[in-house]
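**Student:** If you want the building blocks of each chain, they are given just below.
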Amino acid sequence: MTDALLTVDGLSLGFRGEGGFAHILSDANMTMRRGEIMGLVGESGCGKSTLAGAILGVLPRTSLQVRGGTINFDGIDMLSGANTRAQESVRGRRVTFIPQDPFTSLNPVFTIGQQITELMKWKSPRRAPGGVRLPALMTPYPRARRRADRDQVMEMLNLVQLPNPERLLKKYPHEVSGGQRQRLMIAMALLPEPDLIIADEPTTALDVTIQAQILGLLRSLATDRGVAVMLTTHDLGSAYEICDRITVMYAGQDVETAPVAEFFNRPTHPYTAKLLDSLPEGGGGMTGIPGELPSFYAPPPGCRFQTRCERMTEACKQRPPSDIAGPDHVVRCFHPLHATITDALATKEASL
Amino acid sequence: MFVVFFISNVVPTDPARIVAGENATEAQVVALRTEMGLDQPLYVQFGRYIADLATGDLGKSLYTQRAIADDLLHRLPATLELTIAAMIISIGVGVPLGVISAVKRNSWIDQLLRILSVSGLAVASFWLAMELQMYFSTKLGWTPLNGRIGGWGPDEITGFYVIDSLLGGDWASLWDTLHHMLLPAVTLALPAAATLVRFTRAGVLEVINSNYVLYERAMGFPTSLIIWKYVLRNALISTVTQIGLIFGALFAGAVVVEAVFDWPGLGTYAVQSILQSDTKAILGFSIVVGIVFIGVNLLVDIVHTFIDPRTIQ
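Each protein sequence line maps, in turn, to chains B and G. So the first sequence is residues 1 to 352, counted in this note's numbering. So the second sequence is residues 353 to 665, counted in this note's numbering.
A portion of the hints provided could be inaccurate.
[Stated by the list, open to error] Pulled a few chain G residues facing chain B out of the computed Cβ check, cut under 8 Å:
1. 398
2. 400
3. 401
4. 405
5. 562
6. 563
7. 569
8. 586
9. 590
10. 662
[Claimed, not checked] DSS-like cross-link-like pairs, simulated, lysine-lysine; straight-line CA separation at most 30 Å:
11. G:581 / B:171
12. B:348 / B:317
13. B:170 / G:581
14. G:581 / B:121
Please keep in mind that the hints were generated in silico from the structure rather than gathered at the bench. Note that the Cβ used here is the ideal one computed from N, Cα and C, for glycine as well.
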C-alpha cells in the first residue's frame, strides 16, 4: 500500500441527537490510491455520504462526536480540529468535491462566472501557497494570474462540453439545466488540478439519460489527468461501468473491498452477495434483503449485518478482522462465501 | 383613507366651534360651518376633499389657516432624516449581530443577543427616550436635551440638515445636527435593530445549512468569506423585505420619539393636530405617511431584484 493517497482507518463517529447518540460510522476503513476510481457502495443510510463529509470536513460541528480513528490524506491529518489551516488549504485544492445535487449546490444569487472566479482566486493551481494572510474579503486577485486562470476556465468548460462558455459565465445557476450544472461542477472539481475528487452520488439528481454521459465524462477526464475519484453511489450498475475498485459499506462499517471484476464475480461477504442478488437483472426477479437496517442508536455489537444474516453465529458479536479472499480482495466476515486466507491457514494447520 | 376621514369626523368635536373660539355666538358658528362646508353631508365633504386632493391641495389647517400640504412638506425632511438615520443605525447594528448570533448559535453570546432583542422589542420607546435624556443629556451632558439643531441651521436647500450642511460646507452645523440626532435616532432604532437581529439570524440559519454553503465549505473557501459574502447575501433577501415594513414602523414610532425630543417633524405636527382636533391636518399626515410607506416598499422591491436575480423573470 505504498501508493495510498487517502487512508481512513478505524473511523468511528456519530451525532448527538434527541434519541441519544447515533453511531453512524463504526470502525470504518477505506483506502484510496493515486489515480484510481473507487466506488463506495451501499444502501441509503450506510454512512457513505457521512464518510465523504468527514473527509471534506463538512459534518455539522455542533452535534458531531468523533470516537476514534484517523483520516490521513498524503500525510495530512484531515480529522483533527487542531489542523484546520492545513486542511483548508488541501480542501478545494488537492481534494475537490462534486456534490450530489447540482440544482442546490451553486449559490443562487451569484453568477456562474462569479463563483468560478472565486474558486480560482483561492484554489487556482497557480496560486502560491501561504503568503500574507489578509482578511478574506480584502484579499486581492492578482491580474496576471486572473488572466491565466480565465484561459484555463475557458479550456475546461470546453472539455466538459458546455456550449457557449462566455455566455454561460454571465448566467445565474437557475438559468442553466441540471445536466449542464453537473458538467459545471465537474469542471470546478477539475480546475484546481486536484489529486482526489470526492463525488457524492453525482448523478442521483439527474435524468437517467444524462447519468451515463456525466459518469463517462468524469471517468475519461479523471483518467487522463491521473486524478483519483472516490465515487459514492447506491447504483451498482454505474459503479460497474466506471470504477476500478469497489468498497461496500453496511450500516457504517466497511464489509468488503475488491477490484471491480472480482467484486461482481466472487462476492464473498454475505451482504455483498445479497446486494448483488437484489439487482433486477440478477436473475430471479426482485428479491430484496429480508430484515431492516439496525438502529443507529443501539446497534448490535460486532458485525452489524448479523441481524439479517443467515450465517450469523456467536462469533459475529465481535467485529471480524480483515481477511484476504483473493488478489486485492479484502472481506470482513467470519463466515465468508468463498475460501479465504484464514480458511487456507486453518486447513493447513489441521493437516499438520 | 376613507376610514381615516370617517373616524376623524365621528369624533364628537365641532371644528367650527373650535375655530370660532369660546366667545363666538351661535350665528357666527353656523356661518363658519357653512363657509367651511361642514354643513354638507359627509359624502359631499369627502368628495370635495378628494377633488382637492387630486390637485395636491390637502386643505387648510383649522388653526393656522395655512395650507396643510405646505406644512407637511416643510416638516417631512426632519422626520425622514430621523427615520433614515435610525434605519442606518438599526441595519448597521442589527444585521451584523444577527449574523454573529446565527453563526454562534446556542452559545452564550447568542443567548444574550436573543434576550436583548426581545427586550428591545418590548421596551416602550417613550420610556427609553426619557431614560436616555436623563442619563446622557441631563446627567452627563454629552448630548443636547431636545430639538433638531442649536442655532438657525444650515442654509436650506433640501431641508435635510445633514445634506444641507454638507453641501454648504457648514461643518459646525453638521456636527450640531448629528449631535442632536443621536439620541432620538438611537431610541427609534432600537426596536428596529431588535427585529433585524431576529430576522437576520433566522435567515442566516436557514442558508447556513444549505447545499451551496456545504459545497463552499467542502471546497475550502475561507470561512469569513462564506459567512459575510455568500451566506449574508442570501440571508438578506428576507431581511430586505422586512426593512420595508420596519420603515413604516419607524415612521409611526417617530410620532412618539419626536414628541419626547421636541423634534420639529411630522410626528409633533400629528400630535398637535390630534390634540386640537384638526381633522384635515390629521388626514393630511396619514396620507403623507402612506405615500412614504408605499414609496419605500417600492424601493425595497427594486432593491430585491438586484440582490435576488431569481425575481427578475
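**Student:** Hint by hint, say whether it matches the structure.
**Tutor:** Tested hints:
1. Interface restraint check for residue 398 (chain G): the shortest CB-CB distance to chain B comes to about 47 Å, outside 8 Å, so the restraint is violated.
2. Hint status for residue 400 (chain G): violated, given a least beta-carbon distance of 50 Å to chain B, over 8 Å.
3. Taking 8 Å as the C-beta contact cut-off toward chain B, the hint placing residue 401 (chain G) at the interface is violated, the least distance being around 46 Å.
4. Against a cut-off of 8 Å between C-beta atoms, the interface hint on residue 405 (chain G) is violated, since the closest Cβ of chain B lies about 41 Å away.
5. Checking residue 562 (chain G) against chain B by beta carbon gives a least distance of about 7 Å; that is within 8 Å, so the hint holds.
6. Residue-level restraint check for residue 563 (chain G) holds (minimum Cβ-Cβ distance to chain B is 4 Å; threshold 8 Å).
7. With a least beta-carbon distance of about 5 Å to chain B, the hint placing residue 569 (chain G) at the interface is held under the 8 Å criterion.
8. With a cut of 8 Å, the hint placing residue 586 (chain G) at the interface with chain B holds, because the nearest CB-to-CB distance is about 6 Å.
9. For residue 590 (chain G), the suggested interface contact is broken, since its CB lies about 12 Å from the closest CB of chain B, more than 8 Å.
10. Using the Cβ-Cβ criterion of 8 Å, the hint placing residue 662 (chain G) at the interface with chain B is satisfied: the shortest such distance is roughly 6 Å.
11. Distance hint between residue 581 (chain G) and residue 171 (chain B) is fulfilled; the C-alpha atoms sit about 19 Å from each other, no more than 30 Å.
12. Pair hint residue 348 (chain B) plus residue 317 (chain B) holds up; C-alpha atoms about 26 Å apart against a cutoff of 30 Å.
13. For the given pair, residue 170 (chain B) sits about 19 Å from residue 581 (chain G) by alpha-carbon distance, which is consistent with the 30 Å threshold.
14. Only pairs whose Cα atoms come within 30 Å are accepted, and residue 581 (chain G) paired with residue 121 (chain B) is accepted, the gap being roughly 15 Å.
Checked against the numbered hints above, the structure breaks hints 1, 2, 3, 4 and 9 and satisfies the rest.
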